[in-house]
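With the sequences and hints as input, model every part of the structure.
Take the sequence shown: its letter number 88 is residue 209 in my numbering, and every next letter is one higher.
Lysine-lysine pairs mimicking BS3-like chemistry, simulated, CA-CA at most 27 Å apart:
no.	residue 1	residue 2
1	Lys-490	Lys-349
2	Lys-497	Lys-349
3	Lys-517	Lys-472
4	Lys-280	Lys-517
5	Lys-234	Lys-285
6	Lys-197	Lys-491
7	Lys-491	Lys-349
8	Lys-294	Lys-517
9	Lys-285	Lys-256
10	Lys-256	Lys-234
11	Lys-197	Lys-472
12	Lys-472	Lys-497
13	Lys-472	Lys-491
14	Lys-129	Lys-141
15	Lys-280	Lys-294
No wet-lab data here; the hints were simulated from the structure.
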Amino acid sequence: MNSPQVNKYTTPNEQGYYGKFGGAYIPEMLVRNVEELLSQYLSIIEEASFQKEYQQLLQDYVGRPTPLFFAERLSKQYRTQVYLKREDLCHTGAHKVNNTVGQILLAQRLGKKRIIAETGAGQHGVATATVCALKGIECIVYMGSKDIERQAPNVARMKMLGAKVIPATSGSKTLKDATNEAIRDWINNPNDTHYIIGSVVGPHPYPDMVARFQSVISKEIRQQLMLKTGSELPSHVIACVGGGSNAAGAFYHFLEEESVQLVAVEAAGHGVDSGMSAATTQLGRDGILHGSRSLLMQTEDGQVIEPHSISAGLDYPGIGPLHAHLYDSGRGTFLYATDAEALEASFEVAKLEGIIPALETGHAFAALKKLSLTEKDIVVICLSGRGDKDLATYMKVMEHAD
122 MNSPQVNKYT TPNEQGYYGK FGGAYIPEML VRNVEELLSQ YLSIIEEASF QKEYQQLLQD
182 YVGRPTPLFF AERLSKQYRT QVYLKREDLC HTGAHKVNNT VGQILLAQRL GKKRIIAETG
242 AGQHGVATAT VCALKGIECI VYMGSKDIER QAPNVARMKM LGAKVIPATS GSKTLKDATN
302 EAIRDWINNP NDTHYIIGSV VGPHPYPDMV ARFQSVISKE IRQQLMLKTG SELPSHVIAC
362 VGGGSNAAGA FYHFLEEESV QLVAVEAAGH GVDSGMSAAT TQLGRDGILH GSRSLLMQTE
422 DGQVIEPHSI SAGLDYPGIG PLHAHLYDSG RGTFLYATDA EALEASFEVA KLEGIIPALE
482 TGHAFAALKK LSLTEKDIVV ICLSGRGDKD LATYMKVMEH AD
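Here is the structure:
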């Protein structure tokens, strides 16, 4: 990687800004917590003992490196070369655990005795509950009551792992509201609690820290592509984006490689102009949410517009500041897929490759129809999670099709 001085995208500045997005907009009560984290996170995660334990857990517990799979039938269908980065094969079924393993080790070294988290699709909640069980630390997960209903298997997993799941019953009762509740908890318990944020959102240093823990995805892609193709660089890397942690991880080691097209796919819900969408780059403007300045879906007077997506993990009214900067600068290509397009793409991958993807990842697969690809292109799709948690939704679609 280039040195930080010449990194245009990878590293935020000292105030935590990627371009004009980022920073730490926090209430007075949280300043001490965030400053403690900011002053210590880099020195802790760069320690040899931390890295040794982290890498060992990624290998022996998470199951890394995850395979880079050449999707032969999908490649034929789209007349290009499609590789799938199989984050769905991580322990817990998604990329989320890369970050929670790192943050639990950080929390231990900061002397924290209690962990809180927010979750939408439940994958981050499961990943947090998993590492808390591993390390014997109390775990509280906030989850929108609407998401609790539609992601019941993950709620059961969290409880079985010993976590307390607290429903968020305000607003849209989804991810945004769960995040609000988690922040309230942190304000009330500043001394003994570490907040494991699950995406590249929140006040600095969270977006940078989560991106660093997820960057193992793109580090492995480069190594694996070299072995398979003789080149470390694909033509395209595609990932779905809600807050954007899997995309940040998949893009990270390609951010400064201008020849690689970074394709982020947002959830358009019922359509960008339907009033039921989560396509932030299409509908959002500059605003502050959950501690950072980014693009945000909001009304004329600054009230957050409730997002909609069939996938609970993309049902968020903003995006992380890194992604806002990639969009604003033109470095990233931002597409969107509707609920129907994501479902269609998910069923296609299941039938062509024998892999049932999470609905979130279905949005990334939908990009194959939207890009002009050639036979020489090498396309890597971050298969961010497996579809077990979405089977109830898939079953409803199949029932209606019969």
